[in-house]
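There are 2 protein chains.
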Amino acid sequence: MKLSQLPKFTLKENPREATTASHRLLLRAGMIRQIGSGIFAYLPVFYRTVRKIENIVRNEMDKAGACELKLPILQPKELWEESGRWTRYTEIDGIMYHMVGRRENELCLAPTAEEMVVDVTRHAVNSYKDLPVNFYQIAEKFRDEIRPRFGLMRGSEFTMKDGYSFDVDEAKMSETYEKMRVAYNEIFKKCGLRFKMVQADSGAIGGSGSAEFMVLANEGEDTILSCDTCDYAANVEKATTLNDTPKSEEKIKKMKVLDTPNVGTMDELEKLTGKPKNQGMKTVLYMVDSRPVAVFIRGDLDINETKFANLFGGNEFIRPMTDKEVRDLTGAEPGSIGPHELNEKIRVYFDKSTQNLVNFLVGANETGKHKDNVNWERDIALPDEFHDLRLVRQGDRCPYCQGKLEESHGIEVGHIFKLGTKYSEAMKCVYKDEKGVEKPCQMGCYGIGITRLAQASVEQNHDEKGIVWPEEIAPFRVHLVALKNEDASVREFADKLYADLEKMGIDTLYDDTAHMAGEKFADADLIGCPIRLTVSPRNLAEHKIEWKMRTEAEAQLLDHETVLARLGA
Amino acid sequence: MKLSQLPKFTLKENPREATTASHRLLLRAGMIRQIGSGIFAYLPVFYRTVRKIENIVRNEMDKAGACELKLPILQPKELWEESGRWTRYTEIDGIMYHMVGRRENELCLAPTAEEMVVDVTRHAVNSYKDLPVNFYQIAEKFRDEIRPRFGLMRGSEFTMKDGYSFDVDEAKMSETYEKMRVAYNEIFKKCGLRFKMVQADSGAIGGSGSAEFMVLANEGEDTILSCDTCDYAANVEKATTLNDTPKSEEKIKKMKVLDTPNVGTMDELEKLTGKPKNQGMKTVLYMVDSRPVAVFIRGDLDINETKFANLFGGNEFIRPMTDKEVRDLTGAEPGSIGPHELNEKIRVYFDKSTQNLVNFLVGANETGKHKDNVNWERDIALPDEFHDLRLVRQGDRCPYCQGKLEESHGIEVGHIFKLGTKYSEAMKCVYKDEKGVEKPCQMGCYGIGITRLAQASVEQNHDEKGIVWPEEIAPFRVHLVALKNEDASVREFADKLYADLEKMGIDTLYDDTAHMAGEKFADADLIGCPIRLTVSPRNLAEHKIEWKMRTEAEAQLLDHETVLARLGA
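As given, the protein sequences belong to chains A and B, one line each in that order. FYI, in this note's numbering the residues of the first sequence are 37 to 605. FYI, in this note's numbering the residues of the second sequence are 37 to 605.
One or more of the hints may lead you astray.
When chains are identical, the list treats them as one kind, so a pair holds in a single copy or across two.
[To be verified] Straight-line Cα separation of at most 27 Å, DSSO-like style, residue types lysine-lysine; simulated pairs:
{"#": "1", "residue 1": "Lys215", "residue 2": "Lys226"}
{"#": "2", "residue 1": "Lys464", "residue 2": "Lys307"}
{"#": "3", "residue 1": "Lys292", "residue 2": "Lys48"}
{"#": "4", "residue 1": "Lys165", "residue 2": "Lys532"}
{"#": "5", "residue 1": "Lys225", "residue 2": "Lys388"}
{"#": "6", "residue 1": "Lys539", "residue 2": "Lys88"}
{"#": "7", "residue 1": "Lys208", "residue 2": "Lys292"}
{"#": "8", "residue 1": "Lys44", "residue 2": "Lys165"}
{"#": "9", "residue 1": "Lys475", "residue 2": "Lys343"}
{"#": "10", "residue 1": "Lys381", "residue 2": "Lys99"}
{"#": "11", "residue 1": "Lys520", "residue 2": "Lys458"}
{"#": "12", "residue 1": "Lys99", "residue 2": "Lys88"}
{"#": "13", "residue 1": "Lys458", "residue 2": "Lys343"}
{"#": "14", "residue 1": "Lys287", "residue 2": "Lys584"}
{"#": "15", "residue 1": "Lys215", "residue 2": "Lys388"}
{"#": "16", "residue 1": "Lys313", "residue 2": "Lys165"}
Calculated directly from the structure, the hints in this document are not laboratory data.
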């Protein structure tokens with residue numbers, strides 16, 4: 037492509053609205069243009085990267101035995117009522133764009149396509165002989181986000197690869213899931229990105245297992261915990277650790293009440309009483325819909341709210357209790373609540389970290405008082421179950437090998453799920469087995485955020501001058517700059533070089549504009565193609581072309597043949 | 037692709053809802069599945085054809101110097117208010133899907149993208165040096181049709197290539213338009229289709245010139261008139277002809293009133309009076325919004341309502357007058373209305389065919405009466421202008437060379453427009469010329485209905501057994517059938533042949549299912565790939581493969597090498 041074919045899309049100034057490096061760079065480098073809240077045009081140079089990613093995804097999906105189709109963006113309400121998701125998505129979450137057509141028909145814009153693909157499949161699948169099937173599409177998706185932000189990261193409209201598999205049973209479904217896992221690894225490798233597969237929370241979509249693929253980036257929204265010894269890695273939402281509260285041989289002591297005036301935090305309590313935080317319990321109070329709930333965890337730890345929410349069905353509205361609600365229910369201020377003699381209307385959950393505590397310190401349910409030497413069974417009944425509700429942190433121990441967990445950050449670009457029969461049961465996507473018995477298909481689903489991946493790549497790969505695209509998904513491999521191309525010999529030489537590169541199938545962005553040298557080089561760095569070639573009167577006098585890698589500081593002067601040979605290699 | 041990867045999408049019976057051959061075949065051959073009114077899923081085999089067409093379009097657009105980008109489907113109301121099209125499209129025509137987002141933001145779904153591309157361009161173009169630019173995208177479009185029908189022909193959601201060019205002046209815009217015309221010819225040629233470029237009506241989109249590309253098909257919705265001698269061809273909506281009313285030397289006669297009781301049509305009038313229809317005037321009465329209008333044309337001809345509507349601004353609601361309105365305004369029944377002494381409240385338009393008439397017969401504006409020997413000037417004032425309002429028909433004369441016009445039918449698959457400055461003026465898409473004077477960009481716009489083209493190809497190319505894809509856009513070049521593949525030698529041979537074909541880059545649909553021979557052959561004919569290869573125990577015994585072209589009745593037995601050589605050639 038010649039830059040003269042485009043108006044000047046690059047910007048001199050950093051756009052004010054951008055909050056992350058990648059958002060800023062995509063705008064400045066003329067890759068995208070914002071049209072509305074969360075709505076972006078993909079400009080020509082960027083769209084080449086999008087299509088390169090799409091083709092990598094397509095090739096790996098095809099190789100893994102999935103079949104590409106295209107499902108409609110407009111989806112009739114009726115399908116979403118069958119799955120039971122219409123009200124949740126349009127009213128409760130409000131995440132789904134929806135409207136009424138001229139024939140009073142209600143429609144939504146695909147936020148995802150489980151309903152649609154189940155509809156296509158259930159009409160064609162009859163027997164176990166028809167299975168497995170594995171469909172995917174690359175298509176626009178829509179979400180009416182409360183706060184669209186970070187450019188393409190959380191937009192109203194974005195490009196996604198979504199795939200759905202149908203198998204006869206869980207074992208077969210797991211085989212398909214495993215194939216997809218391998219294919220996903222291959223895709224992110226082929227995109228030239230540093231990434232990590234992590235155990236993930238399945239969230240509202242349900243299902244028995246899921247993994248996320250994270251592009252690693254310092255400013256990434258997601259926190260990952262990875263073992264420094266074994267392969268374990270998990271999203272912080274899902275991460276677990278060893279229960280590191282030692283069993284104590286300490287003798288059970290007599291319970292006593294302590295005066296703890298104005299104590300609001302565990303740190304203050306430790307300071308006042310001299311008893312280490314990890315020998316007490318922290319109390320956190322929530323309203324789950326209209327039910328009061330208390331959660332107890334060892335005093336030095338924090339609650340993982342995703343794990344807590346997963347204790348319930350996923351349709352609840354969960355929020356922290358207000359101070360007034362705490363006072364009304366317990367008769368005490370929030371800092372003084374504990375499990376002993378707590379109002380029985382409050383449902384209680386205990387984290388595993390509390391199980392081995394002996395002679396522990398807890399709130400007394402009386403303002404400015406705590407109780408010390410509280411003990412299981414003597415003072416508080418053992419719960420039926422201790423839950424894993426702990427927010428795992430850097431330095432915690434790996435649940436598999438006791439290695440040390442390290443924290444890093446990433447951007448979720450892929451997610452694979454074992455979905456089970458949630459949709460196939462609700463929507464009667466069934467097959468007859470060898471004995472003629474009707475059974476629901478076992479589903480898996482598999483997503484990749486294509487445009488999100490493109491931006492994540494920029495978040496991972498940039499410097500102060502601009503984007504540094506991995507060669508595999510760079511919009512062009514070569515950025516050819518003709519300096520002073522009012523000089524006919526420069527123009528002719530550069531035109532010829534461009535034609536040669538095109539003929540060799542090397543995709544090239546040719547800066548044949550009349551801009552000044554400084555501007556051309558700044559744009560080349562901003563746009564970030566891997567190889568910059570410069571033709572100038574001075575180089576030409578020496579029969580040389582300047583070769584510079586975007587990742588290197590130094591340029592080299594090479595002759596024409598060497599340049600072509602290097603590119604051809 | 038292996039057919040065993042898919043459930044059985046082909047249907048045994050003709051689907052009832054299909055009204056055209058192509059719609060019926062796309063459904064039966066498992067190419068598409070209807071999800072809702074005008075909403076279709078593109079199933080895996082068909083989607084390959086869609087993508088092949090997209091790639092042909094993309095290559096030719098790139099070659100012609102256009103740059104691909106992707107504009108959002110969600111479009112903010114504000115942009116459509118700038119162009120003045122929001123109310124027309126959402127309320128008057130009601131053709132545009134629209135909705136309110138969670139932040140009370142109003143959005144529509146792209147029915148087209150002039151506003152969007154103008155917004156992208158106006159922010160980047162400053163000077164004449166930035167022009168020309170020529171953008172295109174391949175993307176979903178949405179229209180809330182009153183009556184979605186004919187499958188993909190008139191759907192609620194469809195894939196379209198839409199392109200938009202920006203030039204400094206009309207001459208440059210015409211050059212770009214001409215490049216696009218040439219590229220469009222190349223595209224339809226490369227798709228392997230019989231097509232015709234015709235002069236077209238510009239319709240509501242406005243502009244100074246436009247051409248349509250028609251895929252020829254007997255059942256096509258559009259009527260084309262083409263000259264049997266020169267290159268002239270036009271959509272019937274736009275077609276013109278020679279004014280074939282001869283100038284008469286006849287002496288002007290005295291006007292007389294005739295009794296014409298119960299005469300309603302020109303034929304009845306000719307029969308009663310003996311005066312040929314082409315020596316009289318036919319009157320047609322309309323309401324244009326609330327204004328009464330009469331149109332006069334030679335008695336043997338008909339009005340072209342598109343041409344008539346184009347006399348007005350394009351925002352009017354036009355309908356035939358009711359009999360009651362005719363009586364109230366003229367005092368006479370509809371069959372007896374004429375231009376002489378007509379109520380002056382009625383605005384009149386005369387077709388060119390009436391200009392040379394002498395001593396003509398017209399309605400008398402009195403029930404059951406006509407006037408003969410009416411003449412221009414003596415009886416009726418000459419209008420300022422005679423308009424071309426004539427519906428051209430088979431056998432009429434070519435306006436350029438007097439050749440004979442022949443009628444054929446087609447399906448519009450492409451449309452190119454000289455758009456002018458309608459959008460660039462309304463939305464201030466301007467540039468500074470050499471002297472620093474601000475001017476609006478001259479726009480062109482260029483569309484191809486990708487999914488419509490795919491169906492049009494089926495309408496043009498099918499037989500009683502199924503689809504007959506042109507090789508260029510066939511989902512697969514080869515349909516490989518393994519008969520009795522429970523036989524290990526058949527299965528192994530066919531698997532190997534499939535692997536060889538894939539390795540040679542020959543796209544192959546491999547029927548490796550356990551279906552019966554008859555079913556497999558019927559499906560191959562229905563799906564319609566150009567070459568069918570059959571591996572069977574009998575052929576294998578003779579070391580042969582059966583080779584059959586979809587377009588030919590006879591099959592041939594060829595050895596393995598010959599098959600590969602033919603395909604490789």
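Results of checking the hints against the structure:
Taking CA atoms no more than 27 Å apart as the test, Lys215 paired with Lys226 passes inside one copy only; the shortest distance there is 16 Å, against 38 Å between copies. Taking CA atoms no more than 27 Å apart as the test, Lys464 paired with Lys307 passes in neither setting, with 61 Å inside one copy and 68 Å between copies. Taking the shortest alpha-carbon separations for Lys292 and Lys48, neither the intra-copy value of 69 Å nor the inter-copy value of 82 Å comes in at or below 27 Å. For the identical chains of this complex, Lys165 and Lys532 are inter-copy neighbours only, at 23 Å across copies versus 58 Å inside a copy, given an alpha-carbon limit of 27 Å.
Proximity of Lys225 and Lys388 under a CA criterion of 27 Å is satisfied in neither setting, with 38 Å inside one chain copy and 71 Å between copies. For the homomeric pair Lys539 and Lys88, the shortest alpha-carbon distances inside one copy (19 Å) and between copies (22 Å) are both at most 27 Å. Proximity of Lys208 to Lys292 under the C-alpha cut-off of 27 Å is found in neither arrangement, the shortest distances being 58 Å within a copy and 93 Å between copies. For the homomeric pair Lys44 and Lys165, the shortest alpha-carbon distance between copies (10 Å) is at most 27 Å, but the shortest distance inside one copy (57 Å) is not.
In this homomeric assembly, Lys475 and Lys343 never come within 27 Å of each other (Cα to Cα): the closest approach is 32 Å inside a single copy and 61 Å across copies. In the homo-oligomer, the alpha carbons of Lys381 and Lys99 never lie at most 27 Å apart, since the shortest distance is 57 Å inside one protomer and 74 Å across protomers. With identical chains, the CA atoms of Lys520 and Lys458 are never at most 27 Å apart, being 64 Å at best within one copy and 38 Å at best between copies. Taking the shortest Cα distances, Lys99 and Lys88 sit within 27 Å of each other both inside one copy (17 Å) and across copies (19 Å).
In this assembly of identical chains, the alpha carbons of Lys458 and Lys343 lie at most 27 Å apart only when taken from the same copy (21 Å versus 57 Å across copies). Taking identical chains as interchangeable, the C-alpha atoms of Lys287 and Lys584 are never at most 27 Å apart, the minima being 72 Å within one chain and 90 Å between chains. Taking CA atoms no more than 27 Å apart as the test, Lys215 paired with Lys388 passes in neither setting, with 35 Å inside one copy and 72 Å between copies. Taking the closest pair of Cα atoms, Lys313 and Lys165 never come within 27 Å of each other, the shortest separation being 60 Å inside a single copy and 70 Å across copies.
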